[in-house]
Amino acid sequence: DGGITQSPKYLFRKEGQNVTLSCEQNLNHDAMYWYRQDPGQGLRLIYYSQIVNDFQKGDIAEGYSVSREKKESFPLTVTSAQKNPTAFYLCASSIGASMAFFGQGTRLTVV
Amino acid sequence: KQEVTQIPAALSVPEGENLVLNCSFTDSAIYNLQWFRQDPGKGLTSLLLIQSSQREQTSGRLNASLDKSSGRSTLYIAASQPGDSATYLCAALPSGGSYIPTFGRGTSLIVHP
Numbered sequence: 001d002g003g004i005t006q007s008p009k010y011l012f013r014k015e016g017q018n019v020t021l022s023c024e025q026n027l028n029h030d031a032m033y034w035y036r037q038d039p040g041q042g043l044r045l046i047y048y049s050q051i052v053n054d055f056q057k058g059d060i061a062e063g064y065s066v067s068r069e070k071k072e073s074f075p076l077t078v079t080s081a082q083k084n085p086t087a088f089y090l091c092a093s094s095i096g097a098s099m100a101f102f103g104q105g106t107r108l109t110v111v
Numbered sequence: 001k002q003e004v005t006q007i008p009a010a011l012s013v014p015e016g017e018n019l020v021l022n023c024s025f026t027d028s029a030i031y032n033l034q035w036f037r038q039d040p041g042k043g044l045t046s047l048l049l050i051q052s053s054q055r056e057q058t059s060g061r062l063n064a065s066l067d068k069s070s071g072r073s074t075l076y077i078a079a080s081q082p083g084d085s086a087t088y089l090c091a092a093l094p095s096g097g098s099y100i101p102t103f104g105r106g107t108s109l110i111v112h113p
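Here the protein sequences come in this chain order: H and X. Numbering-wise (our numbering), the first sequence opens with residue 1 and increments by one. Numbering-wise (our numbering), the second sequence opens with residue 1 and increments by one.
Keep in mind that the hints were calculated from the coordinates and are not lab data. Nothing here was measured: the structure is a model prediction, and the numbers come from that model. Watch out, some of these pointers could steer you wrong.
Claimed, not checked - Capping the alpha-carbon separation at 30 Å, the derived lysine-lysine pairs in DSBU-like fashion look like this:
hint: 1; chain 1: H; residue 1: Lys14; chain 2: H; residue 2: Lys83
hint: 2; chain 1: X; residue 1: Lys42; chain 2: H; residue 2: Lys14
hint: 3; chain 1: X; residue 1: Lys68; chain 2: H; residue 2: Lys71
hint: 4; chain 1: H; residue 1: Lys57; chain 2: X; residue 2: Lys1
hint: 5; chain 1: H; residue 1: Lys9; chain 2: X; residue 2: Lys68
hint: 6; chain 1: H; residue 1: Lys83; chain 2: X; residue 2: Lys68
hint: 7; chain 1: X; residue 1: Lys42; chain 2: H; residue 2: Lys71
hint: 8; chain 1: H; residue 1: Lys57; chain 2: H; residue 2: Lys9
As the list claims (entries may be wrong) - To be clear about the criterion: a stretch of chain H counts as covered by chain X if any three or more of its residues have a C-beta under 8 Å from a C-beta of chain X, and this derived list gives those stretches:
hint: 9; segment: 23-29
hint: 10; segment: 59-67
hint: 11; segment: 74-87
Idealized CB from N, CA, C, for every residue including glycine.
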């Protein structure tokens with residue numbers, strides 16, 4: 001089955017620690033996106049990539065980093081510079097203006 | 001900058017009612033508008049996508065309409081069921097070529113038996 005896989009489903013981060021969220025797709029989509037979702041805030045764009053080896057900052061990129069070395073993979077690293085990382089993170093992919101597909105999300109909690 | 005607003009923010013109805021969820025956008029230069037469903041703690045599932053040249057799309061008990069000139073889209077749910085309980089989000093895709101959608105904050109729907 002084609003789709004987007006995010007892992008892990010739950011992630012706990014200690015203060016000062018970097019953590020990486022995985023996003024893999026087998027849809028052969030060119031574009032991939034990372035969103036952050038907080039209660040009552042809707043979806044906010046962190047980073048997006050429209051082609052391999054290229055990515056752009058979204059509205060809230062500070063404290064996050066990404067890479068796009070393969071078409072199928074778009075990992076997100078939450079760095080220690082992100083002071084309020086507790087949130088639900090969603091990865092999505094699309095081709096051009098086609099229907100976007102989303103993963104099942106990763107819930108990150110600071111402990 | 002595009003802004004997308006969804007009204008109401010929350011809705012609670014008895015089973016069997018017909019519902020209308022509203023989505024408004026400030027910039028009519030859109031390529032398409034998409035409706036999603038999100039269950040608690042889950043990702044988004046696409047329900048309907050309306051191209052800018054279309055007026056409506058239908059899937060089962062769902063019907064979505066688009067009026068670009070007034071900056072509005074509505075999602076009509078017929079004969080609501082408890083299984084329809086979820087958050088419904090709309091997203092407007094700009095026509096400028098960036099293909100980065102702007103999402104509304106969603107309408108949280110509860111259908112009680």
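The hints, checked one at a time:
1. H:Lys14 - H:Lys83: 11 Å, holds
2. X:Lys42 - H:Lys14: 24 Å, holds
3. X:Lys68 - H:Lys71: 34 Å, violated
4. H:Lys57 - X:Lys1: Status holds; Cα separation ~16 Å.
5. H:Lys9 - X:Lys68: The given pair, whose Cα atoms are some 38 Å apart, is violated under the 30 Å limit.
6. H:Lys83 - X:Lys68: Between lysine 83 of chain H and lysine 68 of chain X the Cα gap is close to 40 Å, so the pair fails against 30 Å, i.e. violated.
7. X:Lys42 - H:Lys71: Answer holds: lysine 42 of chain X to lysine 71 of chain H is near 24 Å, not above 30 Å.
8. H:Lys57 - H:Lys9: 24 Å, holds
9. 23-29: violated (count 0)
10. 59-67: violated (count 0)
11. 74-87: violated (count 0)
Comparing the model with each numbered hint stated earlier shows that hints 3, 5, 6, 9, 10 and 11 do not hold.
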